[in-house]
Every structure is written in C-alpha cells, then in structure tokens.
Amino acid sequence: MNPPAASGNGDVDGGEVMVTSPPIDASAFGSVHLTLQRWHFNNTATFDAGDHYVLELSNDAGATWASLETLGPQQTANAWTTVGFDLETKKPLTAQMKLRVRTADGTANDTVVESAIDAVALDGTRLCTTTSAGAPGGVPASSLAVDRDGSKIRLSWGEDCGGRTGFGIYRGDLAAGYASAAPLAGFCGVGGTSISIDPDTGSYFFLVAPNDGAVEGSLGKTSDGTPRPQPAVACWPRAGAVNACAP
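Residue numbers for the sequence shown follow the numbering used here, beginning at 3 and rising by one.
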C-alpha cells in the first residue's frame, strides 16, 4: 500500500519483493492458528503471468516452504480481508517456524500491484505433558520423634524426599534387634506425618518408610551407612531401586 502517493508510483514494479518473519518457536504447541489482515490489489486489465501474492510457511528456518495462500495474476482484493490458517495442517510445528509474504509484478507488463498485511496474530493450544512420579524415597532419620500424647504415644516424622504422602510404620523389639521389625498393625497406609498409638509393655524401636500404595521406599541406613533391607514381612514390596534421594 502506498497512500497518499499516486497509483503506480509506489507499487511493486518489475519483479518480486518479500518480507520474512523472525523465527517462531511453536515446538510446545499441538496446534497454531494464524490470522491476519491482507490487502492485495492487482490491476487485472494489464496483468501478466508473473503477477502474484503468496503467503508461505516454513518449519526449518526457511530451508523449505509450504504455501498458505496464493493469489494469482487475475486475482485482486482491493480491501482489507481477514484470512486464517491452521499451521499444523501445512507443516509439523517446530522451534524454527517462519512466515513469508511474496508479491510480484511480472516483467511482461507494468501492472499496478500493491500488497500489505497487518494485525498478524498466532493463537495456539499447548501440548500436554505428563511425568511419572518418582519412586518413594525416605524420610530424614533425624526427623522421627516419639512423644507423649496424653495417654498415648505420638510418633512424628518428616516428609518423603520423593514426594509421596503415604507411610508405613514398623516396630521392633530393642533386645531382639532389626530382625524383629514388622509392620505395626493397621499402620501401613498412614496418610500424614504423625500417628498416636496406645503404649505397650517392653522396649521398642520404630521405623517409617514412605510408600505410594503399591511399592515402598527406604527404611533408612544402618550406622555403617548400609541401606536397611526390608523386613521378612513388609507393608509393601520394594520393586526395583528406591528413589535416589533416600537418605
């Protein structure tokens, strides 16, 4: 477009001009819709075969192009016209998308050819991504505390480093050692970081292992840094390695 210049003085003459967009990163989108306002005047009374308007799309930074719209030598639209395109139907969406507009006055005849675009907009739908939750890890050894809670005993502990919110409680006899550890009845699916239990006679130790309702994390390490094995009877199986975050 060339207002207020006289028609024919500021139009495209004797060949092709083009404008190319900067790179557009559409790699995170499943679909992208392009809309723009387009004006293309071609004096069809004096046209030749070289006159055209072309809107193109690239997904490899301009190495190759696909046509979104072509107006040939006998087509004119002497007004602002809204057009739209679903880009994913023309090229797979990548991080190297580009748009290009080419308009030309063929060399056979001197035709008045004027083109413009405006109000370019891209609207897309992002791809959904899913990530698998990590395996249960463990709770900090120093976080396990035993306190009185009225007539009961209160156990409290820290969060699972693997982000799980289920816990299993184990109890063992101090005199018998670790081999006596077994799940505390009714407490394999604790949904918080504390419980209150009835006291019992004897001397006991307690351990806490996070779980996801299917597999179990770490019961911590022995004094020499060796990971504790699961007791013979466990709340949940330990399928594969525990989360590497386990203390």
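If you're looking for bench data, these hints aren't it; they were derived computationally from the structure.
For glycine and all other residues, C-beta sits at the position ideal for the given N, C-alpha and C.
Among the clues, some could well be false.
No farther apart than 25 Å at their CA atoms in a straight line, the calculated lysine to any residue pairs in the SDA-like style are these [claimed, not checked]: (1) K93 with K154; (2) K93 with P25; (3) K100 with A143; (4) K92 with A147; (5) K223 with A143; (6) K154 with F189; (7) K100 with A123; (8) K223 with G193; (9) K100 with A68; (10) K100 with F189; (11) K154 with L129; (12) K92 with T46; (13) K223 with T195; (14) K223 with T127; (15) K154 with R102; (16) K154 with G165; (17) K223 with A118; (18) K92 with L129; (19) K154 with G193; (20) K100 with T127; (21) K92 with D120; (22) K154 with D120; (23) K93 with F189.
Okay, the calculated beta carbon distance ranges per label pair [said to hold, decoys possible]: (24) D88 with V21: 18 to 28 Å; (25) G179 with A30: 16 to 26 Å; (26) A143 with A63: 48 to 58 Å; (27) Q77 with H35: 16 to 26 Å; (28) T22 with P249: 52 to 62 Å; (29) G179 with R128: 53 to 63 Å; (30) Q39 with N111: 50 to 60 Å; (31) V148 with T96: 25 to 35 Å; (32) G188 with D125: 15 to 25 Å; (33) C130 with G179: 24 to 34 Å; (34) G227 with G194: 27 to 37 Å; (35) D15 with T96: 14 to 24 Å; (36) P25 with G191: 17 to 27 Å; (37) D149 with D125: 50 to 60 Å.
25 Å limit on alpha-carbon distance, applied to hinted pair K154 and G193: Judged against 25 Å, a Cα distance of about 19 Å means the pair holds.
Given pair status - A123, K100, alpha carbons within 25 Å: Cα-Cα ~13 Å, so holds.
Pairwise hint evaluation, T195 against K223, where the allowed Cα distance is 25 Å at most: 20 Å, holds
Pair hint K154 and F189, alpha-carbon separation not exceeding 25 Å: Holds. K154 to F189 sits at ~15 Å (cutoff 25 Å).
Pair hint outcome, K100 versus T127 [Cα-Cα no greater than 25 Å]: 18 Å, holds
Hinted pair K223 and G193, Cα distance within 25 Å: 23 Å, holds
Outcome for the supplied range 14 to 24 Å, where the beta carbon pair is D15 and T96: Distance hint for D15, T96 is violated at roughly 36 Å.
Range hint 50 to 60 Å (beta carbons of Q39 and N111) holds or violated: 28 Å, violated
Restraint check for K93 with F189, where alpha carbons must lie at most 25 Å apart: Distance ~56 Å between K93 and F189 Cα, so the pair is violated.
Supplied distance hint 52 to 62 Å, evaluated on CB atoms of T22 and P249: 55 Å, holds
Consistency of beta-carbon spacing, A30 to G179, with hint 16 to 26 Å: 55 Å, violated
Holds or violated: K100 to A143, with C-alpha atoms at most 25 Å apart: Distance ~55 Å between K100 and A143 Cα, so the pair is violated.
Of the numbered hints listed earlier, those contradicted by the structure are 1, 3, 4, 10, 11, 12, 14, 15, 16, 17, 22, 23, 25, 30, 31, 32, 33, 35 and 36.
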